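Protein sequences appear in the order of chains A and B.
Position 133 (the first sequence) corresponds to 133 in the working numbering; numbering is contiguous.
Position 149 (the second sequence) corresponds to 149 in the working numbering; numbering is contiguous.
These aren't lab readings, by the way, just hints derived from the structure by calculation.
Quantities reported herein were computed from a predicted structural model and do not represent experimental measurements.
Treat the hints with care, as some may be off.
Straight-line alpha carbon distances no greater than 20 Å define the calculated EDC-like cross-link-like pairs of lysine to aspartate or glutamate that follow [said to hold, decoys possible]:
1) Lys100/A <-> Glu80/B
2) Lys100/B <-> Glu141/B
3) Lys25/A <-> Glu80/A
4) Lys130/B <-> Glu95/A
5) Lys37/A <-> Glu80/B
6) Lys100/A <-> Glu141/A
7) Lys37/B <-> Glu42/A
8) Lys25/A <-> Asp125/A
Okay, here's what each chain looks like letter by letter:
Number of protein chains: 2
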Amino acid sequence: MAQTGEVSADQRLYLDDLQVGQRFKSATHVIDAAQIKAYAREFDPQPFHLDDGAAQSTLFAGLAASGWHTAAITMRLMVESGLPLAGGIIGSGGEISWPKPTRPGDVLSVISEIVEVTPSRSRPDRGTVKVRSETHNQRGEIVQTLLARLIVPRRQA
Amino acid sequence: MAQTGEVSADQRLYLDDLQVGQRFKSATHVIDAAQIKAYAREFDPQPFHLDDGAAQSTLFAGLAASGWHTAAITMRLMVESGLPLAGGIIGSGGEISWPKPTRPGDVLSVISEIVEVTPSRSRPDRGTVKVRSETHNQRGEIVQTLLARLIVPRRQA
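Bound conformation, chain A alone (with noise of 0.2 Å):
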């Protein structure tokens, strides 16, 4: 079963707490046009991310979030509630991708499992992490898969 929801610091997980195949479940975020077109407006200022009229004659065939738009809410997801990782959640790197776009209305979440788990050589104090986060929308579609790779402290000997 998936873990879920806020936990307070002393839950937070070390890397030798974690094993493959532990799955985490965020809570929900709703994206409505106003946060997609501010987000679009600052960072990425294409008519299919700002306005609903020009987005229809695009590939989007309507307005769509902009698919960092959907990372960052994703990441805020993961911070708040979907991934209670000791030191944070600490990334240096991953593959991305966006399956389908993002919709105003959407209510997004994210599942997020553990897929590998490595002890530094080189540094006792942490590790790296393989974590496969998969975004949702209301009906179960995915808009994002994330493959990251972490940064993770051990727990202290």
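Given chain A, put chain B in place with the hints provided.
Chain B only, in chain A's frame:
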């Protein structure tokens, strides 16, 4: 030589205009602590992105931008000046890494190179392009690499 700066609509590039090895250079963006904290409050509320003092005792040893903020600024630079594609910049995903943190005062710019051009077999009006984009700071250090898959329209026959 890399192409630089904004172009008019009739100079925008279709799949047919792109070749492996073509390079493009964006304008610059100066990031400051206020931008880093504002982004973090909205999308990545962790101490190392929010508070100079708290950031000192973390892995980052000082305030650092969220990787997703670096990605967002990179996107804005590419949209406005860094990659003049017909139809805009529409990505289906890619690989991202953050080899170094983005810091307050950094002057960011993006160099993009076409690494693969693939006409669609099923859709004669478009194709896929792989673009490697490096985001540099003012010291020439790479703070982000992105290998993105983009959907690019073909010229009408």
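Here is what the structure says about each hint:
1. A distance of roughly 24 Å separates the Cα atoms of lysine 100/A and glutamate 80/B; the hinted pair therefore is violated under the 20 Å criterion.
2. This hinted pair checks out: lysine 100/B and glutamate 141/B have alpha carbons roughly 8 Å apart, not beyond 20 Å.
3. Proposed proximity of lysine 25/A and glutamate 80/A is supported: the alpha carbons are some 11 Å apart, at most 20 Å.
4. In summary, the hint linking lysine 130/B to glutamate 95/A is supported, as the alpha carbons are separated by about 14 Å, within the 20 Å threshold.
5. With a C-alpha separation of about 16 Å, the suggested pairing of lysine 37/A with glutamate 80/B holds against the 20 Å cut-off.
6. At roughly 8 Å between alpha-carbon atoms, lysine 100/A and glutamate 141/A fall within 20 Å of each other, so this suggested pair holds.
7. The suggested pairing of lysine 37/B with glutamate 42/A holds, with an alpha-carbon distance near 15 Å, which does not exceed 20 Å.
8. Distance restraint check for lysine 25/A and aspartate 125/A: the Cα-Cα separation of roughly 27 Å exceeds the 20 Å cut-off, and the hinted pair is therefore not satisfied.
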